[in-house]
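Q: Each chain, letter by letter, is given below.
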Amino acid sequence: MKVLVPVKRVIDYNVKVRVKADQTGVDLANVKMSMNPFDEISVEEAIRLREKGKATEVIAVSIGPQQAGETIRTALAMGADRGILVKTDGDVEPLAVAKILKGIVEAEQPGLVITGKQAIDDDSNQTGQMLAALLGWPQATFAHKLELSDGKADIEREIDGGLQTVEVKLPCVMTTDLRLNEPRYASLPNIMKAKKKPIDEKTPADYGVDVTPRLKVLKVTEPPKRQAGMKVKTVAELLDKLKNEAGVI
Amino acid sequence: MASLVIAEHDNKVLKDATAKTVAAAAQISSPVHVLVAGSGAGAVAEAASKLAGVEKVLLADDAAYAKMVAEPMEKLILSLAGSYDAILAPATTNGKNYMPRVAAKLDVPQVSEILKVVGPDTFERPIYAGNAIATVQAPAGKKVITVRTTAFKAAEGAGSASVEKISAAGDPGISKFIGEELSKSERPELTSAKIIISGGRGMQSGDNFHMLEKIADKLHAAVGASRAAVDAGFVPNDYQVGQTGKVVAPELYIAVGISGAIQHLAGMKDSKVIAAINKDEEAPIFQVADYGLVADLFKAVPEMEEELTKLGY
Ligand SMILES: Cc1cc2nc3c(=O)[nH]c(=O)nc-3n(C[C@H](O)[C@H](O)[C@H](O)COP(=O)(O)OP(=O)(O)OC[C@H]3O[C@@H](n4cnc5c(N)ncnc54)[C@H](O)[C@@H]3O)c2cc1C
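First to last, the protein sequences are chains W and Z. Letter by letter, the first sequence follows residues 257 to 505 in our numbering. Letter by letter, the second sequence follows residues 13 to 325 in our numbering.
A couple of the hints might just be wrong.
[As the list claims (entries may be wrong)] Incomplete in silico selection of chain Z near chain W, CB under 8 Å: (1) A115; (2) V129; (3) G131; (4) S195; (5) L231.
Calculated directly from the structure, the hints in this document are not laboratory data. Keep in mind it's a predicted model, so treat the numbers as computed, not measured. All C-beta atoms in this analysis are idealised placements derived from N, C-alpha and C, irrespective of residue type, glycine included.
From just these sequences and the hints, can you work out the full model?
A: Listed below in structure tokens is the structure:
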């Protein structure tokens, strides 16, 4: 069984973003970019499946500019077998990403697609579910634990009330949550090896997908700022403020 | 035309996320109908019919909807979509699960977690963990939207909508619910609590969270946590507040032993009042706290319990 893992190049999670003065977006010039953290979890899970003999090949896909190739290299250095870079400049919305992925799924016929539950830049939380719907496949979002058996997967999910287990038929789409696993770091020898692994280059047109954004971004602004308040010296003073000044207890 | 709100419930109780989503829907397209998809959920439909601003409640009562599994939910919502120009769900783990399937099948972009309705097709939504707010305009055609419920107030007053039973739309049979492990608590739910006390890595163990629970019980508060506290196994995953956990906006949020990472702030910085207890006076949490106490939590928290007792809580 092949496993397909989409990986997105996003602003590093440690960077505090700055909104551009002209309100057209956030400033990405000279900012550290990394693989979306949830996608690292996806790559890790896929590699573990191959190591356990449950998957035969792990394919990392990225849709984005030329530099998204580096994100694929990171996945290859972690242990993915080969990559597909679908080159496009500018923002691609989740629905267009899902349509491109559908084309790749039809060409590659994986038994499982593992996506992150959300990308930490647009925080949409849509792509995996959209892909599953377009393919007519079942999905298990926010995965906490995966158990694969013949033709099906039992997946424990993180939900608002706790944990829920669903059984889905394969092929399926799974989206990863934080506690599914702890992604490995790529070792130096593996980083070297990854340089020789193949990356296919494609374009959205190869899959017949128009990536023109459908949502129009009118402006991007800063959220209202919270002012730092005061320091209190004692617990008693804190409670007094909460009770008599703020009136919240 | 009209908008359709998908109700959030557990087959017994209608969650207040629904009323807030109704409030958002009313600003987009009226009248507002509510779909209750559940199993043995008559009481939920009854409760939905009493929400202010709701004209009609559709009740699809079938075993397939007992746990709102995404695939049958998609079929059901699509079977109704023709009559509506906006379909909304609260951005709960349920709404986030089934709604993008609906959007994809309708071939429209989903607008996730709206904070504000600027106009019938224009919305504000948070991006980059809420460090930027995008104003987006949806294209002509159906709108598929999830709502960040902390950003909307439920309409006041009571309604008297009719309840119409509708038939189920079938189960594609490719997925099924197996079981669940829900956190049991007598305390209020995180997303609706007026007061929340959250612990972070500084708590050092799950046992130490009992200190926070004692305070929570005095203040009728919910207990939350940072990702680090959940990852360390101190508390279950559903306690996590933040960019990738729950978003909360209580009257009072008390952060104990939490540093205040961007991802945590994303989930609580819209609280009315924030108090923080941390031994590191440089901790970023103090930059958003109205009241900061630089102290060792192992001293301050028990003391807080004593002081509250003295004050008659
Ligand atoms: C993709 C991604 C998603 C994430 N999503 C979330 C999310 O949704 N929610 C979230 O919370 N985090 C999230 N994080 C993690 C986030 O980046 C931080 O790592 C996390 O919030 C830190 O938790 P913490 O403040 O408890 O721990 P730390 O940062 O370790 O802080 C512990 C604090 O406790 C204080 N302390 C220690 N001992 C004491 C004591 N005895 N008395 C008083 N104070 C004490 C310390 O001074 C310190 O400030 C995410 C990260 C990533 C990469």
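Q: Could you run down the list of hints and mark each one as holding or not?
A: Each hint tested on the structure:
1. Because the beta carbon of A115/Z sits about 7 Å from the nearest beta carbon in chain W, less than 8 Å, this interface hint is met.
2. Checking V129/Z against chain W: minimum C-beta separation of about 14 Å lies over 8 Å; hint violated.
3. At a threshold of 8 Å, the smallest CB-CB gap from G131/Z to chain W is about 10 Å, leaving the interface hint violated.
4. Because the smallest distance between the Cβ of S195/Z and any Cβ of chain W comes to about 5 Å, under 8 Å, the interface hint for this residue holds.
5. Nearest Cβ of chain W to the Cβ of L231/Z: about 6 Å, under the 8 Å cut. The hint holds.
Hints 2, 3 from the earlier list are contradicted by this structure; the remaining hints agree with it.
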